[in-house]
Every structure is written in C-alpha cells, then in structure tokens.
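Colleague: Two chains, two frames, a set of hints: combine them into the complex.
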Amino acid sequence: MESTPHFPIYMDYGATTPCDPRVVDVMIPWLREHFGNPASRSHAWGWEAEAAVENAREQVAELIGADPREIVWTSGATESNNLALKGAAHFYQSKGRHLITVKTEHKAVLDTMRELERQGFEVSYLDVQEDGLLSFDVLKAAIRPDTILVSVMFVNNEIGVIQDIAAIGALCREKGILLHVDAAQATGKVEIDLKTLPVDLMSLASHKTYGPKGIGALYVRRKPRVRLEAQMHGGGHERGMRSGTLPTHQCVGMGEAFRLARLEMAQDNAKARALHDRLINGLKDVEQAFLNGHATQRVAQNINMSFNFVEGESLIMGIKGLAVSSGSACTSASLEPSYVLRALGRSDELAHSSLRMTIGRWTTEAEIDYAIETIRQNVAKLRDLSPLWEMYQDGVDLSTIQWTAH
Amino acid sequence: MAYSEKVVEHYENPRNVGSFDKGDESVGTGMVGAPACGDVMKLQIKVNPATGVIEDARFKTYGCGSAIASSSLVTEWVKGKTLDEAAALKNSQIAEELALPPVKIHCSILAEDAIKAAVDDYKKKHAH
Numbered sequence: 001m002e003s004t005p006h007f008p009i010y011m012d013y014g015a016t017t018p019c020d021p022r023v024v025d026v027m028i029p030w031l032r033e034h035f036g037n038p039a040s041r042s043h044a045w046g047w048e049a050e051a052a053v054e055n056a057r058e059q060v061a062e063l064i065g066a067d068p069r070e071i072v073w074t075s076g077a078t079e080s081n082n083l084a085l086k087g088a089a090h091f092y093q094s095k096g097r098h099l100i101t102v103k104t105e106h107k108a109v110l111d112t113m114r115e116l117e118r119q120g121f122e123v124s125y126l127d128v129q130e131d132g133l134l135s136f137d138v139l140k141a142a143i144r145p146d147t148i149l150v151s152v153m154f155v156n157n158e159i160g161v162i163q164d165i166a167a168i169g170a171l172c173r174e175k176g177i178l179l180h181v182d183a184a185q186a187t188g189k190v191e192i193d194l195k196t197l198p199v200d201l202m203s204l205a206s207h208k209t210y211g212p213k214g215i216g217a218l219y220v221r222r223k224p225r226v227r228l229e230a231q232m233h234g235g236g237h238e239r240g241m242r243s244g245t246l247p248t249h250q251c252v253g254m255g256e257a258f259r260l261a262r263l264e265m266a267q268d269n270a271k272a273r274a275l276h277d278r279l280i281n282g283l284k285d286v287e288q289a290f291l292n293g294h295a296t297q298r299v300a301q302n303i304n305m306s307f308n309f310v311e312g313e314s315l316i317m318g319i320k321g322l323a324v325s326s327g328s329a330c331t332s333a334s335l336e337p338s339y340v341l342r343a344l345g346r347s348d349e350l351a352h353s354s355l356r357m358t359i360g361r362w363t364t365e366a367e368i369d370y371a372i373e374t375i376r377q378n379v380a381k382l383r384d385l386s387p388l389w390e391m392y393q394d395g396v397d398l399s400t401i402q403w404t405a406h
Numbered sequence: 407m408a409y410s411e412k413v414v415e416h417y418e419n420p421r422n423v424g425s426f427d428k429g430d431e432s433v434g435t436g437m438v439g440a441p442a443c444g445d446v447m448k449l450q451i452k453v454n455p456a457t458g459v460i461e462d463a464r465f466k467t468y469g470c471g472s473a474i475a476s477s478s479l480v481t482e483w484v485k486g487k488t489l490d491e492a493a494a495l496k497n498s499q500i501a502e503e504l505a506l507p508p509v510k511i512h513c514s515i516l517a518e519d520a521i522k523a524a525v526d527d528y529k530k531k532h533a534h
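The listed protein sequences derive, respectively, from chains G and B.
1 is the number of the first residue of the first sequence in this note's numbering; add one for each residue after it.
407 is the number of the first residue of the second sequence in this note's numbering; add one for each residue after it.
Just chain B, with the same shape it has in the complex (with noise of 0.2 Å):
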C-alpha cells in the first residue's frame, strides 16, 4: 500500500515530538488506543491558563504510519486554538487532510479521541 506523500512527510519529519510533565497545571494529557490493537497515542497540549488557548503541543504515537502522521498533523492544528476549537476538531478533517485510506480512518478516530482526552483532562485538573 502506498502513503500518501503528507503521511509520509510528516513520519518523516514528525512535529512536536516529545512530552510535558504530566504534573503541570497548565498541562492536559490524552492518552488512546491499546498496544493490542497496534495504536497508542499520548498527545499533550500547554494551555495559557489566562486565555484558555492552546499555547504548545507534543505526541508520541506507537502505531503505523498513518497514526503517527495524524497525531503529529494535530499537535500542529492545536496551536493557537481555544480549548472548545481544539475540541472540536473532526477526524474527517484529519483524514482529508492525509488523504487516508478507508482502512486507516481509524488513526484519525485515534488522534481525534486523543485532543478530545487531553481537552478533558486539563479541563478536570480546573475544575475547582
């Protein structure tokens, strides 16, 4: 099967790679996917909390091809969003973006449930 060449792109150069401290106030974590079902993504998004926007992202993705280049194509997306924009972000989107396969619809599913869990995390760290 052939990737296409944004996919192929972004494996190549992957951006945002990396991890925050978990621990971070201003930081929200997603984590999806099950190594049995040969996907895992940790996105991670540094929030201003004065603002509530997106300042900063970073992944890392156990996956194929596909996954990899959908989480690092969010991580880009994220920036400079609100947390409601980022969470509002549609696989469809992802998947156009990366003229995806049928088969591999599901990486966006993934990266799309990942922004969705790290939103939701930092979210529940503010919520006193």
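Here chain G stands alone, though its shape is the one from the complex (with noise of 0.2 Å):
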C-alpha cells in the first residue's frame, strides 16, 4: 500500500485497519460532489445519497447473513455496544433488571454495565477458563429468572480467542434471553450468519475491517423482533433507534469494506494463518514464552505472547521497528497490567510482559521475519538485564520472594 508507511511495521491491525484504498476510492465522491443529505427527501441530492447509504446497508448486511433493515448505523462499536445494552435494558426492564457478561470483553461493554449498575440493574462478570473462552457451564449457572440479556464478544480484542456464540446463544433462546455479540473483531474473519446463529444484537464496526473510522452498525434482529429504547434523540432516523444524519461516505466506505471482506476473507485467512504459524514457529523455542489464550480457537490475525521476566513496555521500546502494543499498564496512570490477561489467571508478571501482534491484509512474510529477529533479539537483552530473568536461572521460586510492592 503505497500510501502508508513501511516503518515501523504495522502490527497493531487490532487497534485499527489501514483504510482499503479501494475502500476510499468509493468514499470520495460523496465528500466531493455527491454531498446531499441522505434523508432529503426532496430532491435528487438527497435521493442518490440514500439510495447509497441503503446500497452500503445491504453491503454491510450481507457480511452476516441479515436483513438490511436489521441494520441500525452508528458512530461505531462503542456506540453500538451502549445502545444494544442501555436500549434493551431499559425496554425490556419489567422483565428483570439483571445483565450477564465476561471479564474479558473490551470496556465500551464493561463500562456501559457499569453505568447500569448505577441506574440499579444488577450485573454478573463471568470469569473465563484459563484459554480465555467462556464456560458453557459457568454461564448456565448464572442465569437467572430476572436474567434479560447476555452480553458475549465474537472476537476478544486483546488474545484473539473466538467464543462458542453458536452454543451461547442457543442456550439463551432456550431461557427467552436476549443475546448481544460484540463483533468488531469477528468480521472479516469469522464467519457470521445471522440467519442461522440465534444472536439478537451484534455489535459492527467498521475501521476493524479495512473501513473508515468514524462508523459502525447495530444489528437488530426482526424475527423474533428485539426492541430498543433510543439513546440518541432527534430526527428519528434509524427508524427512531439512533437519530442524526447518516454521513453518506462513511456509510459507503464501511459498505465496500464489507463487500471486500465477504469477497476476500478466505484468502485473508488462509494468509494470516501462514503468517501466524510462521510468527510461532520463529518464537517458539524462545525459552519462557507463553501463547495468551487457546491456541486453536482464535483468529489467526492476533499473536498474544508473555515473554517471563521482560517487561512489556520496555520491550516495545526495543522493538522499535514494530508497532505493536501490550498487556503491561505502565504507559498508563495506574499500575495494573491487563484486565484480560488477568481474567486468564496469568500472574502480573505475566500480564505485564505480554505481546499482542496483530497481523492483517498488508502484512508480508519478510515483516514477520524482522518481527522475530528483532523480538528474540530484545527479549534476550532485556533478559540479560533483568534481575528476575537471573533469580530464575538461579533457581529462586518468584512466588516466595517477598516483594516491597510500592
């Protein structure tokens, strides 16, 4: 991709896609002369823009088997996570007031439980097994009969694992409980039929998959219909569920980023996987390091490893030729490391010395070979400064060392 640039190597396709060209080639006509607003009903400029919009709304419905009218727009994931769960909590609050999630799922849904915790609904935060994937059984065992919704992501964003929605969601239509799946790192890469995968709301954003920033999608399901209360009031576009004007590019590029993903997610995969093996394979026998989450179940798009005794961030910081991020919180105010590591059971130690690459569409074989040369490189001498990396070869047990934590 000639408009981005090679250095440092991309490898953070987890915390955003490069745009596809093609995708914005599609786009700029409707920053440029096709600047009507799509709910003008009264003219021609307003009439080519929604027929775009509804062109990209089949688009984007099409990647996971729905109905385009199943397909309510939005400024992106963390919109569409609040109003999935704010708007079927307060609709269907005379039924029960109590929610369940996972310990693991991205914070636009943890806090957005938060905030209804506060509005005096009560939430369950299941923990996960130690591959990172949701127990059948844990789940089962907390749901209850005021249970009104469950709350599972596709993809997690930070160790890849990809959770049994299939097997989730049959089990809440057997209780008569909603389901909400947050899919902003499933799509494109899993794949998704609402036709026949019994989800309720899925959560869709756009620039996880080769789309513009800025845009996202509720899924809504018709039949049986899911009902919301509306969290953004005016025009009442959306048909009433989220109103404001649809930006019309923004629709279109996240359309053709979809049409690209339904066209090409077996090749994207097939080559993401070599490239994950290969990544693996190069760094396996480095010593002490461990794969975060189950090692099969999961997109091949994301390597999340814990190298002992390193320290996340001053490994990046020797990486310099990789854009990558970490597990470990020191670039944060607080001292915690990840939230989703934790909920693995991983030590802090471990947490804190975590990798996550994630590869996609323009990621190159010789990018991943830099990728290991440079971490085996980096791990190596940081292990030589590192006073837990010598206890370890010393054979000193980490966990009887009374640390002066501070």
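The reader is advised that the hints may include incorrect statements.
[Said to hold, decoys possible] Label-pair distances were calculated between CB atoms; the ranges are:
(1) Lys103/G to Ala505/B: 53 to 59 Å
(2) Glu287/G to Pro507/B: 32 to 38 Å
(3) Lys496/B to Gln119/G: 45 to 51 Å
(4) Lys531/B to Tyr370/G: 45 to 51 Å
[Claimed, not checked] Listed below are the simulated DSSO-like cross-link pairs for lysine-lysine, each with C-alpha atoms no more than 30 Å apart in a straight line:
(5) Lys412/B to Lys487/B
(6) Lys86/G to Lys175/G
(7) Lys428/B to Lys530/B
(8) Lys381/G to Lys485/B
(9) Lys95/G to Lys175/G
(10) Lys485/B to Lys522/B
(11) Lys381/G to Lys428/B
(12) Lys496/B to Lys381/G
(13) Lys487/B to Lys529/B
(14) Lys522/B to Lys320/G
(15) Lys381/G to Lys284/G
(16) Lys223/G to Lys95/G
(17) Lys381/G to Lys530/B
(18) Lys412/B to Lys452/B
(19) Lys284/G to Lys271/G
(20) Lys452/B to Lys381/G
(21) Lys485/B to Lys529/B
(22) Lys412/B to Lys381/G
(23) Lys452/B to Lys485/B
(24) Lys223/G to Lys140/G
(25) Lys107/G to Lys195/G
Because the hints were derived from the structure by calculation, they are not lab data.
Ideal Cβ positions, reconstructed from N, Cα and C, are used throughout, including at glycine.
Modeller: As structure tokens, this is what we get:
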C-alpha cells in the first residue's frame, strides 16, 4: 500500500486497520460532488445519497447474513454496544433487571454495564477459563429468572479467542434471554450467518475491517423482534433507534469494506494463518515464552505472547521497528496490567510481559521474519538486564520472595 | 508516549549492568519493587571499607524504559560518593535529569529506594 508508511512495521491491526485504498476511492465522491443529505426526501441530491446509504446497508447486512432492515448505523462499535445494552435494558426492564457479561469484554461493554449498575440493574461478570473461553456451565449457572440479556464478544480484542456464540445463543434462546455479541474484531475473520446464528443484537465496527473510522452499525433482529429504547434522540433517523444525519461517505466506506471482506475473507484468513504459524514457529523455542489464549480457537490475525521476566513496555521500546501493543499498563497512570490477561489467571508478571501482535491484509513474510529477529534479540537483551531472569536462572522460585510492593 | 532522549540513551546503552557477589563484605545490595507492579530494581554498590566511598556499582532492572534508565543513571551517580551522600540522592534529581513525565515519577522513586536499600544493606553488614 503506497499511502502507508512502512516503518515502523504495522502489527497493530487489532487497534485499527488501514483503510483499504479501494474503500477510500468509493468514499471520495460522497465527500465531493455528491454531498446531499440522505434524509432529504425532496430532491435528487438526497435521493442519490439515500440510495448509496441503502446500498451500503445491504453490503453490511450481507457479510453477516442479515436483512438490511436489521442494520442500524452508528458512530462505531462503542456506540453500538451502548445502544444495544442500554437500549435493551431500558426497554425490557419490566421483565427483569439482571444482565450477564464476561470479565474479558471490551471496556465499551464493561463500562456500559457499570453505568447500568448505577441505574439499578444487576450485572454478573463471568470468569473465563485459562484459555480465555467462556465455560458453558459457568454461563448456565449464572442465568437467573430475572436475567434479560447476555453480552459475550465474538472475538476477543486482546487475545483473539473465538467464543462459541452458537452454543451460547442456543442456551439464551431456550431461556428466553437476549444475546448481544460485540463482533468488532470478528467481521472479515469469522464466518457469521445470522440466519442460523441465534444472536439478537450484534455490534459492528468499520475500522477493524479495513473501513474508515467513525462509523459502525448495530444489528437488531427482526424475527423474533428485538426492541430498543433510543439513546440518541432527534430527527427519528434509523427507524427512531438512532437519530442523526447519516455520514454518506462513511456508510459507503463501511459498505465497501464489508463487501470486500465477504469476497476476500477466505484468502485473507489463509494468508494470515500462514503468517501466524510462521511467527509462532519463529518464537516458540524462546525459553519461558507463552501464547495467551486458546491455541487453535482463535483468529489467525492475533498473536498474544508473554515473554516471562521481560516487561512489556521496555520490550516495545526495544523493538522499535514494530508497531505493536502490550498488556503492560506501564504506559497508563495505573500500575495494573491487562485485566484480560489477569482474567485468564496469568500472573501479574506474565501479564506485564505480554505483547499483542495483530496482523492483516498487508502483512508480509519479510515483516514477520523481521519481527521474529527483533523480538528474539530484544528479549535476550532485556533478560540480561532482568533481575527476575537472573533469579530464575539461579533456580529461585519468584513466588516465595517477599516483594516490597509500591 | 515519546521518551526523552536521555531515557532512550540509557535504555540503548545501559551503564554498569550486572551483579556483584551478594555475600562479598564490601557489597551492599538493594532490591525493590515487585513483579506485580511491573518494576523490580536490583542495585548493588561496592564500597571501599577504608574510606566508606562507593567505588563501583551494578544494576539489573525489570521494568519499563524509564525504570531501566533511572537505575542506570544512579549507578553512575553513586560512584565516588560516600554512603551518606549516596543515600541523600533524591528522586526529583533523577526525574529532572531524565525529564520523566508525571506517570513515570514512580520509576525515579524506585531508584531512590534502591540506593537507600543498598546503603542500608551495606551498613547492616558492617554494624557489628
């Protein structure tokens, strides 16, 4: 991709993907001459914009096996999560006030749940297994007569594990409970067919699937019908569920991105799988290196590893030719490491020592080879500097040490 | 977050990395921090028993770039100082020299704690 700088090598596709140049191309006319408001019913400027938005809605729906009328445009997955959870909780509160989610969810779900707790709802935050997957039995045990909604993400943003949404959905159906799924990291990576998948609400993001930022969508099932209380009031756009003038160029961009994802998913995944295996193979003999999350029930695009006795942020500083992220929270004001890795039962030091590498459509073999080389070098260098590594080499059990916590 | 040039310089070329024999009478060892917090510093000083002057220092640090830089810097600073002079080093001096941002001040505090712990350890060994 000529428009993207090649250094540092981009391996943070989980944070955002580059906008596909083909997506950019179809967006431009809607920023230039075709500027009409899709809600303008009285002239051709509005009609053509509306047609473009509706075409894009079909493209989004098609990727996930939905009806276009089940797609509500939003500003992104965070807004979709807010609308789904608050909208459903508010609408169905007379049926019950208990909600269930998982500790490894994205903050957009967890913080929204916290807000609902402040509003008087009760929320259960379920533990996951060591491999990052939600146990079916744990979910079953958490369901109460007053449970109205379960929210489980499809693909975890930090560790890439794929939850068994079909089984979770079947259980929720049986119990008459709504299921919301945050699929921001799943589109274009996992086959989704809502004709058969029992999901009631699904949050979608554009910019994790090679579309522009600032646009997303919420799938709201029609059969059986799911009702939401609007969170954004105004002109009654999106069948009253989300008011606000639609950004035609953004909708068109997300539509094209999702159309490409549908056409190219198999090829993207095959390529990512080969690169994933190449990276894992290049790092697997590093001593005390651990893959975080289930080894096979995961998207190929995510490789999350902990290099014990090396702190993640210092590793990132060393591998400066790579743009990656870490579960170490040293960059933030708090000293808490990744809550996702902690939820897997990883020790604090392993959580602090993690590196999230996320690859995608334009990652190359040469980039993977460079990554392997620079990670190996820097892990070795930082271990030479690490008192913990020294103690480990001397056979000291670190868990027996009385640390002076600060 | 961008790092200051001095932090990067110490990170790229850490001074006085390594370990002295803990049991050596002339060595004081300080280990502070906790893996759970993402920082552990081990700082060692080698003291001339006749003069009470620190003649050499070593460190090993598990932590972010600022923690590594803070400990590397203090190993340079303590050399040639008496035990009391070394123990009087303040974290604010370290933070200022390395231009640490507010979220990294704890790294300099840890480095100050490490020197004090090393000095205490040496003094304990020679208390009799």
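Colleague: State for each hint whether it applies.
Modeller: Hint check:
Look at Lys103/G against Ala505/B: about 38 Å separates their beta carbons, and that is not inside 53 to 59 Å. Separated by about 34 Å at the C-beta atoms, Glu287/G and Pro507/B satisfy the suggested range of 32 to 38 Å. Between Lys496/B and Gln119/G the beta carbon distance is about 48 Å. The supplied range of 45 to 51 Å therefore holds. Under the hint 45 to 51 Å, the C-beta atoms of Lys531/B and Tyr370/G, about 48 Å apart, fit the expected range.
Only pairs whose Cα atoms come within 30 Å are accepted, and Lys412/B paired with Lys487/B is accepted, the gap being roughly 22 Å. Only pairs whose Cα atoms come within 30 Å are accepted, and Lys86/G paired with Lys175/G is accepted, the gap being roughly 21 Å. Taking the CA atoms of Lys428/B and Lys530/B, the gap is about 13 Å. The hint holds against a cut of 30 Å. Between the alpha carbons of Lys381/G and Lys485/B the distance comes to roughly 24 Å, so the proposed pair stays at or under 30 Å and holds.
Among the hinted pairs, Lys95/G with Lys175/G is consistent with the structure: their alpha-carbon atoms are about 13 Å apart, no more than 30 Å. The straight-line distance between the Cα atoms of Lys485/B and Lys522/B is roughly 14 Å, inside the 30 Å bound, and the hint therefore holds. Distance hint between Lys381/G and Lys428/B is fulfilled; the C-alpha atoms sit about 23 Å from each other, no more than 30 Å. For the given pair, Lys496/B sits about 29 Å from Lys381/G by alpha-carbon distance, which is consistent with the 30 Å threshold.
Between Lys487/B and Lys529/B the alpha-carbon distance is near 15 Å, which keeps this suggested pair within the 30 Å criterion. Under the criterion of a C-alpha separation no larger than 30 Å, the hint pairing Lys522/B with Lys320/G is inconsistent with the structure, at around 33 Å. Proximity of Lys381/G to Lys284/G is assessed by CA-CA distance (about 18 Å); at most 30 Å being required, the pair is judged to hold. Under the criterion of a C-alpha separation no larger than 30 Å, the hint pairing Lys223/G with Lys95/G is consistent with the structure, at around 19 Å.
Restraint check for Lys381/G and Lys530/B: the C-alpha separation of about 33 Å exceeds 30 Å, so the hint is violated. A distance of roughly 26 Å separates the Cα atoms of Lys412/B and Lys452/B; the hinted pair therefore holds under the 30 Å criterion. With a C-alpha separation of about 20 Å, the suggested pairing of Lys284/G with Lys271/G holds against the 30 Å cut-off. For the proposed pair Lys452/B and Lys381/G, the alpha carbon gap of about 24 Å is at most 30 Å, so the pair holds.
Between Lys485/B and Lys529/B the CA atoms are separated by roughly 17 Å; this keeps the pair inside 30 Å, and the hint holds. In summary, the hint linking Lys412/B to Lys381/G is supported, as the alpha carbons are separated by about 19 Å, within the 30 Å threshold. Between Lys452/B and Lys485/B the alpha-carbon distance is near 9 Å, which keeps this suggested pair within the 30 Å criterion. Annotation: proposed proximity of Lys223/G to Lys140/G holds, straight-line Cα distance about 24 Å (limit 30 Å).
Restraint check for Lys107/G and Lys195/G: the C-alpha separation of about 28 Å stays at or below 30 Å, so the hint holds.
The structure fails hints 1, 14 and 17 (numbered hints given earlier, in ascending order).
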